[in-house]
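Undergrad: Take these sequences, add in the hints, and give me the full structure.
Just so we're on the same page, the numbering used here is the position in the sequence shown counted from 1, plus 942.
In short, the hints are calculated from the structure, not lab data.
Keep in mind that a hint or two might mislead.
Calculated cross-link-like contacts (lysine-lysine; reagent style BS3-like; alpha-carbon spacing at most 25 Å) [claimed, not checked]:
id	residue 1	residue 2
1	Lys-1081	Lys-1202
2	Lys-1052	Lys-961
3	Lys-1156	Lys-978
4	Lys-1149	Lys-1081
5	Lys-1051	Lys-1000
6	Lys-1218	Lys-1081
7	Lys-1062	Lys-1081
Note that the coordinates shown come from a computational prediction; the quantities given were computed from them, not determined experimentally.
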Amino acid sequence: MSERLKRVDVILGNYHPEKYKILGSVMDRPNAELIKDLIDSGLKGRGGAGFLTGLKWKFAAQAESEEKYVICNADEGEPGTFKDREILTKVPRKVLSGMGICAKVIGAKKGYIYLRGEYKFLVPQLNVEIEEFHEHCDKLGLDFRIEIFLGSGAYVCGEETALLNSIEGRRGEPRNKPPFPTNHGLFGKPTVVNNVETLVSAMMVCKIGPDQFKKLGILDSHGSKLFSVSGDTPRPGIYDLEFGLSLEEFVREFGDGDTKAVQVGGASGFCVPRKKFSKTTIGFKAGLDGDNLPTGGSMMIFNSSRSMYHVLENYLEFFEEESCGQCTPCRVGCQQLKKGIDAVKRGIKTPEYLEQLLQLTETMKITAKCGLGQSVANSFSSIVENFREEMIY
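TA: Structure representation (structure tokens):
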């Protein structure tokens, strides 16, 4: 990571005389052709959900409306993830180019960068870059304008419909689906919401073509991905790694020789113990051998000095604090899970009580309204099932 990222005079990348060349190169290409390239590339959202980017753009392009929106989700709130900040700091032109291409394809005239509140120090420099981008759009005949919307620090606003509510001035809480944003999004209009890295990847597909893009990765997990590596590692930082990488290979490269677990995908992801490293592959579900773990890009490494009970306790405190409180399964469930593991650890409840807590997480997975409540089960079940002895008094 670069030093002094929060300096007022920080410079966003180096000067590139043809920095928006890719945007100009797609202006004469048919929208259907660009969508086909994205679909053929197999590019999936880099935020963790893994929805096909080309299909999302196709649905928004097909929606009938005079008013459409493109939103860059830069609300990077997942614990252990810091890659999007680096992209916005070093190569914002690639993000803006991706937004511009999306705007051309779906017919949008307005875009927003929903920027995490803690990243407000980037606003002045991003506005300078956006003004330059607007000048290029005018030269190319692209009627598209981008505005920064600063979030207020709520983790749940990383969920796309909660993000839409936030921009509209409403309470930041998820909406029911359907309708989906590609048909009924911001202000009731068709909207594409992609995260920072996804927009850069979409720009790269348009630049190099789907065949070249698919040379990296495996099966339906195509391309490479940025990973934020942190924890007990001698090499913390951001790395561009190919999909299909096994955790065994990852730990060999980034571990400290005493790695007992890796948290894949942040607090909402899965905790993989040492015995499963060789059987676990980073990628989207596609029939790969062993377990397949899609990830938003956070890889936290824990060695034997770490108490997995305290790791889980920390996650539950985070979820309890960040729950919007809209639905009972998430609001009450997070509280009960935290109280439950505390009771077992102190001997108030027997170890068998952990089974009831695991059943509660399964209920939350089915009944919670959004991904926050649904994903609590990921870290809870994977830690309790693999490190049960550390949960007991």
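Undergrad: Has the given pair, Lys-1149 with Lys-1081, been kept, meaning a C-alpha gap of at most 25 Å?
TA: holds (20 Å)
Undergrad: Please verify whether Lys-1218 and Lys-1081 have alpha carbons no more than 25 Å apart.
TA: violated (54 Å)
Undergrad: Hinted pair, alpha-carbon criterion (25 Å max): Lys-1052, Lys-961. Please report holds or violated.
TA: holds (21 Å)
Undergrad: Sort out whether Lys-1081 lies within 25 Å of Lys-1062, counting only the CA atoms.
TA: Violated, at roughly 29 Å.
Undergrad: Would the pair Lys-1051 and Lys-1000 pass a check requiring their Cα atoms to be no farther apart than 25 Å?
TA: holds (17 Å)
Undergrad: Can the restraint linking Lys-1156 and Lys-978 be considered satisfied, given a maximum Cα separation of 25 Å?
TA: Roughly 14 Å between the alpha carbons, so the hint for Lys-1156 and Lys-978 holds.
Undergrad: Just to be careful, I want the Cα atoms of Lys-1081 and Lys-1202 compared with a cutoff of 25 Å; is the pair within it?
TA: Status violated; Cα separation ~55 Å.
Checked against the numbered hints above, the structure violates hints 1, 6 and 7; every other hint is satisfied.
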